[in-house]
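For chain A, the structure is supplied; the task is to place chains B, C and D on it using the hints.
Protein chains: 4
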Amino acid sequence: MNSQPKTKSLKTFNDPVYGFITVDDPLLFQLIEHPHFQRLRRITQLGLTNLVYGGANHSRFQHAIGAMNLMRSAVTTLRHKGIDISEEEERAAKAAILLHDIGHGPFSHALENTIVQGVHHESIGLQIMHNLNQELGGQLDLAIAIYTDQYPVKFLHQLVSSQLDTDRLDYLKRDSFFTGVSEGVIGSERIIKMLTVHEGSLAVEAKGIYSLEKFLVARRLMYWQVYLHKTVVSAEFLLMNILLRAKELAQSGIELPASASLQYFLYQGKALGLDDSSIWLKHFVKLDDFDILASIKQWIDHEDALLQNLCKRLVNRRLLKVKPLKAPLTDAALVALRKQGSDLLGLPEADMRYLVFQKSVSNTAYNRNDDRITVLHKDGSASDISEAASLFQFSSMDAQETKHFLYLPAEVPFQ
Amino acid sequence: MNSQPKTKSLKTFNDPVYGFITVDDPLLFQLIEHPHFQRLRRITQLGLTNLVYGGANHSRFQHAIGAMNLMRSAVTTLRHKGIDISEEEERAAKAAILLHDIGHGPFSHALENTIVQGVHHESIGLQIMHNLNQELGGQLDLAIAIYTDQYPVKFLHQLVSSQLDTDRLDYLKRDSFFTGVSEGVIGSERIIKMLTVHEGSLAVEAKGIYSLEKFLVARRLMYWQVYLHKTVVSAEFLLMNILLRAKELAQSGIELPASASLQYFLYQGKALGLDDSSIWLKHFVKLDDFDILASIKQWIDHEDALLQNLCKRLVNRRLLKVKPLKAPLTDAALVALRKQGSDLLGLPEADMRYLVFQKSVSNTAYNRNDDRITVLHKDGSASDISEAASLFQFSSMDAQETKHFLYLPAEVPFQ
Amino acid sequence: MNSQPKTKSLKTFNDPVYGFITVDDPLLFQLIEHPHFQRLRRITQLGLTNLVYGGANHSRFQHAIGAMNLMRSAVTTLRHKGIDISEEEERAAKAAILLHDIGHGPFSHALENTIVQGVHHESIGLQIMHNLNQELGGQLDLAIAIYTDQYPVKFLHQLVSSQLDTDRLDYLKRDSFFTGVSEGVIGSERIIKMLTVHEGSLAVEAKGIYSLEKFLVARRLMYWQVYLHKTVVSAEFLLMNILLRAKELAQSGIELPASASLQYFLYQGKALGLDDSSIWLKHFVKLDDFDILASIKQWIDHEDALLQNLCKRLVNRRLLKVKPLKAPLTDAALVALRKQGSDLLGLPEADMRYLVFQKSVSNTAYNRNDDRITVLHKDGSASDISEAASLFQFSSMDAQETKHFLYLPAEVPFQ
Amino acid sequence: MNSQPKTKSLKTFNDPVYGFITVDDPLLFQLIEHPHFQRLRRITQLGLTNLVYGGANHSRFQHAIGAMNLMRSAVTTLRHKGIDISEEEERAAKAAILLHDIGHGPFSHALENTIVQGVHHESIGLQIMHNLNQELGGQLDLAIAIYTDQYPVKFLHQLVSSQLDTDRLDYLKRDSFFTGVSEGVIGSERIIKMLTVHEGSLAVEAKGIYSLEKFLVARRLMYWQVYLHKTVVSAEFLLMNILLRAKELAQSGIELPASASLQYFLYQGKALGLDDSSIWLKHFVKLDDFDILASIKQWIDHEDALLQNLCKRLVNRRLLKVKPLKAPLTDAALVALRKQGSDLLGLPEADMRYLVFQKSVSNTAYNRNDDRITVLHKDGSASDISEAASLFQFSSMDAQETKHFLYLPAEVPFQ
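Residue numbers (my numbering), protein chains in the order written: chain A, 4 to 418; chain B, 4 to 418; chain C, 4 to 418; chain D, 4 to 418.
Excised from the complex, chain A in its bound form (with noise of 0.2 angstroms):
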């Protein structure tokens, strides 16, 4: 015994969903350390979202540690039921998890789709890890593997990006406590401790099949509840239309206060590809939130009265409202809209498709053509949830939802 023990935890995180979560791993302390991951700190995880359920506030860098969390229980609970993982395993697919939202851009895909054209956030991340890679000297080589799923333990591979990954275990429970949508908690630790593997894959014990019918209800109610609520899809559809005009004004050579990074991705012309990372990788790595709505906050007082329109409303939450339509509008009809738009906003009608538009948002419940869930049976045998479970109309969850709107100023009148 020792009067004065020595820790060899190396730092604990305070957190409100799960309690404490210890990291005693170097090789884990040092990624998270890392500039490039403290950068998710300051980006939020569900974007815009705070402007309908104001206490979703949270940031990409805790759902990283809670989902790292989770992996630590599913391999836990894996180990208990007779499957070796090893500690090198456990290591890297810990990584793997933290890292899997590396590249992630401000307010979700809103860049990806406007001014970071060409690339995925996805190709982005597995960049940020090759040099993260390099620079640890192969230490993430494993972590690599598993992430690009070229590691022969497939469960690995699936608990870091699958149906019933931890990525997804971790956010539906996150997104539901800090929105306060109380009906979409999910039994992470239920589903988790009904986890095994069969033949190599990721499946589920047939007891935990209700917990799974719960989950992919409660994830399907906050798609539509949160993630696509209409208000929250109105934010967001009008801060990529003022990154598309600040685009279209930099490209026309008019200047536009913005952080150098921002900057570049706005008076830079073509399309990114992976080839040419190397150039501007070391601008995406330092954009975040931050960049983003401080620069629009400016854009209030630009002179250019479409890009002033479109910030004011998003800084001061005077949003387009949102009206559900059975069908699309002809052309026409959003011509006449735009135009009518255009004489009471005294904006030029061309200006007016940042404005009034139509869009359509859909979901899919559960994937059949995608990585399945696999229930495993007393008896031995598999079947796809679909096929296990009674209670859904799987051709209706395989197929996409789809609901059709209009995004108008309040100061149009439609209907």
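If you are wondering where the hints come from, they were derived from the structure by calculation, not from laboratory data. Careful, some of the hints might be misleading.
Copies of the same chain look alike in the list, so a pair counts if it fits in one copy or across any two.
[Said to hold, decoys possible] In silico lysine to aspartate or glutamate, EDC-like type, Cα no more than 20 angstroms apart, as pairs:
1. K315 to D304
2. K324 to E36
3. K285 to E352
4. K315 to D292
5. K233 to E36
6. K342 to E352
7. K285 to D304
8. K326 to D382
9. K14 to E93
10. K406 to D334
11. K14 to E192
12. K210 to E404
Chains B, C and D alone, transformed into the frame defined by chain A:
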């Protein structure tokens, strides 16, 4: 202003589920103080479920208070939406929900199927309400009319009893809280916020559809994971068999220690009817969990070896094992198992039907023939949830799900 | 890897306070399965407290499982800090905490002061542990040594029994959860994280001092708000008086329906001793809340008018009123009140001491003479919490706080 | 009854702490919609605390809404106790608490002490309220009178601002929720239930004394564990030093990228006064966390090596180490450390005061000179909590607790 203010509230209950619940109506207070209602403190909401979910010791008393609290919320919400509900109607609806379980015997339905045969607990409840009403000089007239659906304002009855009543909205939330099955949590508060009235009947605003789907799935999960959990059901069958055996012995004139009220039901010989309730009801309202379990503990020392065996199993939690069956066993197979059990346990073969038996349990997720759940759309039209919700295979939710099980002592080998 | 993995855990408990608790040690599993331990399912942790806090129906069974869970956390934490704890020591410490309440009778201390006089519940517990140890071939030797503080590794005993043991850390949190008194919530998890060992004894790292202060205040709050709540205490005195009256009647040879075990204690005439525990212990281990309350319900119909009166009050929750007194009443004043009560209730004056009486209740927030709470500073020095914490007036925390109350039927006017 | 009922509530907020909060008053709704109030969405309640407690990203917007919700509870409770509060008074009290933080700058007090010197955030807030009142045609007259304690009904002011106001009752609960420091949880609901009025002033019923003690201790715990957590404070000093350095550079005419509003405060040269608020307030109300942090991110590339160094530390979370000091260092010792730091970091010795410095932090648990907490006893007498509560050493609670710390880069060795 007043430096020694007088409190209007008569009583505040501290509920771990909702926080403070205040009763400030003298009639409701009188009902709660009545010995018939205080008896509900000694009847657990979930009977023997605490043998599996150790936290589930909550009483029907608390559930009734909680349901009354949700009735208050529902009335407030509906009034906010412009629905007229008078003070008197509110009081009556609260009284009705307070009393909805007043006829419940100890350990749920165990008595109805064994020693209190011939009358349903709801008929008993109604009879007790009439008696209370007489005591209270007719103050429960309106509450009884609402309870029995004879009051023209239909939605008030539906708040007391329907597929979306405050009874269910409370017990699902409460049972989920005390069992620790967090996935069963339903957004009672959100569903209540979505309630409205359509053509005099209770309806749910269309935007609440995801919450409803979630509610139906949570309910189904609670059924299979808690209420019909195989070990819980095994304990309940054991209890019923104890009571059946005790009745059998009593009818043969054998002496059994028990409280006077329990003895009444063991020794009286015929099916009960509401006509002669004046005779038996005074015994019934004295029965609670303590009569039953205290007797069972004493019967461990009874001379009847079978009764002894059954009682010991329940008290020491040596329950019958439960084996899922794809199809029911043949009579011959069952006879063979009983013969084997008889040899192994040293009990007469005739007694073995109490220890080796098969049963089916079933549940229906949503009953389209029952009082339906109506969804009110923004355009003023209304539809049944089974048409409004796309997710579910309502043909299957509608159908009973049935599972077959074999129950037998651990000593008797099977499979 | 293994497609049909075998589970190592023997049993998982679902606890609403901590979530899943897994027991994977065969000895601990055997203890939990033992009828003596299963009996704790039928003893509520807080006795009659549920007459005030309706949610407080949790059992000593759950508390013991919960405390074992905290022991697991504490062991893990200490090992992380470099303290050696062997597998065998861990198992023994867990067994000791599992069994720490095994000698508890129904309704807390009501029996000790009435019909089971002469032996303390902790002595009974120890006797039961010895019996279990014999049954288990000495497997509890180390657990008993830790429990009785005869094992040289002192901090293990302190985790079982001290002012900062896992017993308190569990019950404060659990009682606060089930009563709904959210202010009683203590950060068990955080305190455990701060535990360390100094010169062989349990200590708390200095940075945990605010958590300790909070713990002491929460504990005091729970005492006055829950454990010593005046209505709870009134119910407990009523129960004790019922048992005293029953014993008085029994000793006069009057017949009282009760279970055989309860009758043993009512009718046997002398103080109990540990020497003859072989006689009475077999009765004691059969007693639980059901024996007591079921008998009290039957005694409502007993011919003794006093017993009847007392029992009716408890069952129908017509408790004695409680009046705070600045100073105890004089004997004369008490006699006068009893005389008045005798007239009003039509009971003999001699009986009135069961219905009109005064009592004091007291509590000490922190006992400096008891096993102390040691704070370990960063510089390696240690001090008592009463010196380390500046906030409290330890002279007053140390002192017993005493309150005087008068108990009497609502029918008897006072003040 | 009405099949298409119209909703009276204007807006429902979904709060993870309290659930649904409904605003059905047009004036309050207008205040919430105002850009000045929307700005609070972009100011975190706890500034840089999220560098230690990752969940603490909640905004002042939510806090204000939550405090308004508690005001509603308090008014309801007091009315229940027979205290007259008019509709108009309720609306005004809610408006006052909604606006109580309207003058807050980004990152708590960081600006007040650096670049917005000369005016206190409460004076700024009052000025903004006056401006809003003008905009709203005097509708805030009563709210302002309550806020400034010029309305004769004193307890309304105390609900807005006192040692037991709805501000504290909300923020302690909320901060504890989002940080995950569960021990900080206070029973806001219970304290509010205990509120009453004595001689026109707010008081607490004597039975609430344990809750009050608990509240004072929880508050103290939150101070030392969260608000004054040494790493949090270190981050805040770093931020202040960044702003001081930036101002220093600005005053020397050096260019600094920043938003127009932030630039105003960096480049203007004199202390601010309320007299000329018309000049600077229009800039102030545009500042939020985004202006500050986005600039700091840009200053990482500034040519000033010191500014660069400080900004990099904050953004990448390479904070200054904190060493507790028994007594302040001598000037000589500090100079020596700075010299050493200067060599190690390659920065001029003169700059080292930004990187190596000592500070004291202090807190008072309960201030007897401030607006006191009054306890109302059953006999109608009243006393100060410091006399009513025996537990605390009020002489010490009263006294400031002061701790001395040394801050320095990890690169500079100390001890």
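Item to check | Which numbered hints fail | outcome: 3
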